[in-house]
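Generate the whole structure from the sequences, applying the supplied hints.
As you go down the protein sequences, you meet chains S and Z in turn. Residue numbering for the first sequence follows my numbering, beginning at 1 and increasing consecutively. Residue numbering for the second sequence follows my numbering, beginning at 1 and increasing consecutively.
Hints listed in this document are in silico derivations from the structure and should not be mistaken for laboratory results. Where a beta carbon is used, it is the ideal one built from N, C-alpha and C, also for glycine. Be aware that a few hints might be false.
As the list claims (entries may be wrong) - Just a sample of chain Z residues kept apart from chain S, beta carbon distances all over 10 Å, derived: (1) 38; (2) 237; (3) 327; (4) 396.
Unchecked claim - With a cut-off of at most 16 Å between alpha-carbon atoms, the simulated EDC-like pairs for lysine to aspartate or glutamate come out as follows: (5) Z:93 with S:10; (6) Z:225 with Z:204; (7) S:6 with Z:97; (8) S:26 with Z:135; (9) Z:93 with S:12; (10) S:42 with Z:115; (11) Z:8 with S:273; (12) Z:93 with S:5; (13) S:42 with Z:10; (14) S:34 with Z:115; (15) Z:133 with Z:177; (16) Z:158 with S:273; (17) S:6 with Z:154.
Below are the chains, spelled out letter by letter.
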Amino acid sequence: MSKQDKIIIDSDLSSFFSIKDILRYKSLLNNLAKRDFLVRYKQAFAGIMWALIKPLISILVFGYISSKINNTGNTATNFVYVASAMLLWQLFSNVFNDVSNSIIGNANLFSKVYFPKIIIPLSTILVCLVDFLISLIILIVLFIIAGQTIHWHIILAPFFILLTLINGFGIGLYFATINVKYRDVKFIVPVILQFGMYVTPVIFNTKYYLDRMPEWLHWLFCLNPMVGAIDGFKYTLFGGEAIYNINYFIMSVCVSFLFLVIGVKYFYKFERDFVDYI
Amino acid sequence: MSNGPIIKVEGLSKQYLLNKSAAPKSDTLYGNLWNGVKNLKNITQKKETVEFWALNDVSFEIQQGDRVGIIGRNGAGKSTLLKILSRITPPTKGRIEITGRVASLLEVGTGFHGDLSGRENIYLNGSILGMSKQEIDRKFDEIVAFAEVEKFLDTPVKRYSSGMYVRLAFAVAAHLEPEILIVDEVLAVGDAAFQKKCIGKMEDSSTKEGKTILFVSHQMDAVQKLCNKGILLEKGQLITTGTIVEVSQKYLESSHTSASSFDIELPEDHNEINGYAYHIQVEDEFSNPINEIPMGKKWQVRILFKINRNTPHFVIACGIKSMLGLAVQTSWSEPQDLNEGEYEALFGNKDVIYTEGQYRLVIGLSTEQRVVQYNEQAGIINVSDISSLNYDKRIINTKSALILNQMDVTIKKM
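Written out as structure tokens, the structure is:
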């Protein structure tokens with residue numbers, strides 16, 4: 001930081017996304033993420049094990065349901081399928097939920113000290129990502145049990161994890177901004193997530209859904225940005241026909257980036273005034 | 001460094017829109033549900049709002065190395081000014097140019113987390129205040145020594161005594177190295193010795209390293225000690241700037257008031273807390289309101305307050321402070337259980353004789369030893385030097401001290 005830093009505060013200036021700003025506050029980003037992570041499992045007897053227990057239970061329940069209904073292939077494979085989708089869905093759901101609450105949850109900070117507020121949701125993502133990486137252990141174990149072979153496509157998997165983060169972040173930012181003024185968000189987000197899981201190929205694959213829908217609903221189903229992320233992730237793990245229709249897949253991925261742009265724009269439009277409305 | 005001003009403020013204004021009347025809160029579940037539905041219906045209608053200018057067309061310049069005290073009464077816009085300068089809230093109009101790194105200290109221990117250890121909190125708080133990891137690493141030992149918490153570094157701060165907590169929080173802040181430091185009233189916490197240490201540290205960094213400091217405090221003695229320049233605000237407007245001596249003189253004159261009764265600023269959540277005081281009146285011993293208390297006469301303070309719900313172990317306190325912030329006297333009522341209703345409390349002064357001048361009335365309400373309301377500037381009393389009282393035998397010299405009462409003095413030949 002040079003001594004000649006010049007700060008201009010003007011009523012007409014609006015804030016904008018700046019990588020330089022974020023890099024400057026890198027240490028704050030790390031420390032906030034570290035705080036959230038440390039605090040979350042403090043004074044919990046099972047500690048970090050909870051990062052495994054929560055997704056494991058969902059996987060067991062929905063894996064069982066899915067294998068009962070699907071009836072095709074062997075049960076272990078079915079579980080691996082459900083687990084991969086479920087973990088990614090939970091990553092999305094955690095990011096979406098935590099990001100949308102992150103701004104009001106940290107109001108005590110930015111109402112007393114200046115820093116780019118985008119740091120807060122970004123640190124939230126880091127925490128969710130760490131939880132996700134821990135929960136990947138479940139997937140690895142299931143892979144071994146099912147004797148699933150690994151495809152070379154797996155090197156593309158990080159892209160779809162990133163895409164999931166982008167989904168949760170974009171939509172989450174939008175809701176985080178609304179949340180500043182209307183606390184109804186706190187109630188709406190869980191409802192969206194609960195409903196969302198059943199219109200996302202988590203328990204069943206995309207083909208299963210599309211086969212049971214009239215043609216004209218197909219594109220609507222695929223506007224869900226998590227369809228692209230989950231199908232893509234499954235493709236990198238299992239190859240084959242996970243991506244049911246490449247056009248729909250591309251559309252879904254485009255929606256992801258569209259949401260990201262909308263979320264970030266909306267966030268920055270009101271960012272400067274958060275303190276006055278919180 | 002260039003020779004121009006380090007901070008240049010031009011035509012700064014800040015407007016707040018206050019909602020005129022939100023739907024009245026209902027006590028019943030049914031009422032609340034119905035209000036919720038009504039709010040949904042009204043969502044498209046614009047709410048009626050009242051404009052409020054917290055700052056109005058304020059312009060000034062600050063030179064490098066100045067230590068500037070921002071003075072003014074409650075609601076003068078001091079905190080708003082600091083918040084805009086620290087980029088926490090944007091101005092409605094106007095422009096500011098700041099040359100250099102700014103650190104603002106509007107609260108001690110921002111972001112401290114009770115579950116984290118002292119060590120973890122130093123890093124967290126430091127990074128919130130804008131320090132890099134390397135910077136904190138470098139100053140870590142110094143911070144710990146300054147806070148005197150070596151033994152408890154790995155204890156969660158929720159187990160700290162409040163003194164330790166504040167010391168640690170301030171120690172981090174005191175080791176910031178910005179070119180411009182913005183400080184708001186934070187020194188009000190902590191014990192006197194530590195306050196002195198902090199002011200000393202700030203003074204040092206200003207005189208030795210040429211740092212610029214902006215400081216807001218109600219403690220005029222602290223402001224006068226630390227600052228060399230002053231800015232006086234009143235109702236969002238700039239009244240005067242100049243040396244701290246001139247400006248604080250002007251402030252003390254302007255706050256001269258001859259009212260006998262004052263409406264107490266209500267806490268924002270006054271309907272939710274157990275109770276609140278809303279009016280204070282200065283009277284003579286026969287309950288007549290008086291603007292000025294003749295030196296040596298008996299006087300009393302009547303405080304009207306409202307209790308919202310059954311309040312066990314209620315205590316009301318009234319304190320008297322000199323204009324420089326020195327606490328002179330504090331009196332507490334006997335604890336008692338009060339139920340809902342309007343009350344008044346009478347604090348009578350029979351014996352203590354104050355010297356002429358102005359004093360601030362401080363009030364505090366508490367239940368079960370928890371503070372419900374606390375106001376540093378609930379009202380002002382004037383003690384006047386009415387000449388007839390110079391015949392009062394009890395007063396030897398009207399200017400000898402704050403309290404004129406005489407001790408028992410005897411002389412004996414040994």
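**Asked** Quick check: which numbered hints come out false for this structure?
**Response** 11, 12, 13, 16 and 17
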